[in-house]
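Here is how the chains run, residue by residue.
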Amino acid sequence: MDEWIVRQKIRIPFRYTAGRAISRFLLGLAERRIWATRCEGCGRVYVPPLGFCGRCWREIAEWLELSDEGELVSYTVRPAKPPEIFGLIRLDGADSHLVHRLGEVEPTELERVVRVRAVWREDRTGSILDIAYFAPVRSKSLT
Amino acid sequence: MPRRVAIIATGQTKHAARRLDVNIRELITEAVTRALQDADLRMRDIDAVLLGNMEPFEGFLFPELWAVEGWGGYMKPSVKFNTGGTVGTTTAIAAYYYVASGIYDVVMAIGFEKQSEGHTQTAITTVGDPVWERSVMAGAIGNFAVMATTYMHESGVTEEQAAKAAVKARRNACLNEYAHLQMPDITVEDVLKSEMLAYPVKRLDMCPQSDGAVAVIFAEESKAQKLAPRPAWVRAVATAHEQQYMGDSPKRLAEMRSLVAASRRAYQAAGITNPRKELDVAEIYEVASFAELAMYENLGFCDRGEGGKLIDAGVTALTGELPVNPSGGVMSTNPIGATALIRVAEAALQIMGKAGGRQVEGARTALATGYGGNAWTDVIILSRERP
Chain E
12 MDEWIVRQKI RIPFRYTAGR AISRFLLGLA ERRIWATRCE GCGRVYVPPL
62 GFCGRCWREI AEWLELSDEG ELVSYTVRPA KPPEIFGLIR LDGADSHLVH
112 RLGEVEPTEL ERVVRVRAVW REDRTGSILD IAYFAPVRSK SLT
Chain D
22 MPRRVAIIAT GQTKHAARRL DVNIRELITE AVTRALQDAD LRMRDIDAVL
72 LGNMEPFEGF LFPELWAVEG WGGYMKPSVK FNTGGTVGTT TAIAAYYYVA
122 SGIYDVVMAI GFEKQSEGHT QTAITTVGDP VWERSVMAGA IGNFAVMATT
172 YMHESGVTEE QAAKAAVKAR RNACLNEYAH LQMPDITVED VLKSEMLAYP
222 VKRLDMCPQS DGAVAVIFAE ESKAQKLAPR PAWVRAVATA HEQQYMGDSP
272 KRLAEMRSLV AASRRAYQAA GITNPRKELD VAEIYEVASF AELAMYENLG
322 FCDRGEGGKL IDAGVTALTG ELPVNPSGGV MSTNPIGATA LIRVAEAALQ
372 IMGKAGGRQV EGARTALATG YGGNAWTDVI ILSRERP
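Protein chains in written order, with our numbering: chain E, 12 to 154; chain D, 22 to 408.
Because the hints were derived from the structure by calculation, they are not lab data. These numbers were taken from a predicted model, which means no experiment stands behind them. You can take every hint at face value.
According to the in silico footprint, chain E covers these stretches of chain D (three or more CB under 8 angstroms from chain E):
#1 43–54
#2 131–140
Covered stretches of chain E, going by a simulated chain D footprint (3 or more residues, C-beta under 8 angstroms):
#3 19–27
#4 30–36
#5 52–65
Where a beta carbon is used, it is the ideal one built from N, C-alpha and C, also for glycine.
Working from the sequences, and respecting the hints, build out all of it.
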């Protein structure tokens, strides 16, 4: 018996409303600013910001601006050429973490990287990719 | 023995073609917050949350993960349902089972869809048989159109009679502050002259695509009596499945075998022998004008071939003997994952006496249906009397 395979391709366009909190966050990125929210119930500082805390089940009204520096909490390396590095970054003052790319660093250095800062694109459009990547904050031990 | 269960609260968003002011999480929160307010409950009072949605329409897979902050599922027992047009009634029936089983006392069922974010008709194509239907004809409109042609032949129903159902829906919707398509001045002529989508279905014969969410809270007997002045008791629930491929069910709209089976099971469980006399109001998943008339016949509201005469006589009008879809129905509001649960919420509002300008005076027994994938049906009967 022959095996007969039916091949298909279906294209579906999507367009998502970012929502109240993320809209402000994305517009902030276009201005090189990082906006976070703080839940008055649990005190958590969320970035990307939440407008509603699902743990406390309450609206979040308090906004604060964070610096574009923080701590590298975890990472992985995709062995491409050049290697692609992804990390989990906790910005100073935040309780949640950003998933982003890392640059200006070799995979072999990653274990020693503690502090990272955002490297911004020149042509910013209101996207999480307005931050091109996070780069190590160089200290003497890394230079 | 299952425990007695009642609906004690409902909450709906304003439904619209495009709710660009909110994202999916925020849309759901709007409905959930209103349902909690309706029962004067806090999220911590809810024992389990069930979520209904048709993920392919938004391409927002696992909404139970991505939208958890918005629907109150954080650390709570929960399951998501994805059963096509019946999503909302599947979720409602599951919530009923959760409470009737004795395992949970207060359970929230949520349904939502944000159709503006994807391309629904393309996503619906993936419901069709991949080898045969997708290559020839799939999607909601063509399917309904073929079934409507058969139904017209079988029953003698006319396009004018179908158009009357479409007019009733959009006029009733004007009495429902949450409804999407509110058209106070719509006429039968307008429907007949609207754009032909696929013979005999014109644009105004079809349901719209909507953004919206709904939440319904179910509770066991003692809590229901404590928390709601007039709970809507669940008298019966039933589900029936049919073969999906249209070629196996060529008289699908005329016969609606799954609707006949599910409704007769529910009537029997509720002790109903004459649905037209014993039901006070029905909120049915009519999808298109022709389907509403076929559903009258298959729900036993009239004899076969009499669906058109029922609408002519005004029996199903808001002031008629058996009002059907006082809310404006699916033809006025259709956020798919919420649509069937809106039927349940609207039926409950009628029993609870909270339906505002669309209230059917003295409604004591109400029917709600869900219809999915052209093939399967859910039926729920609610009553003011405790079963």
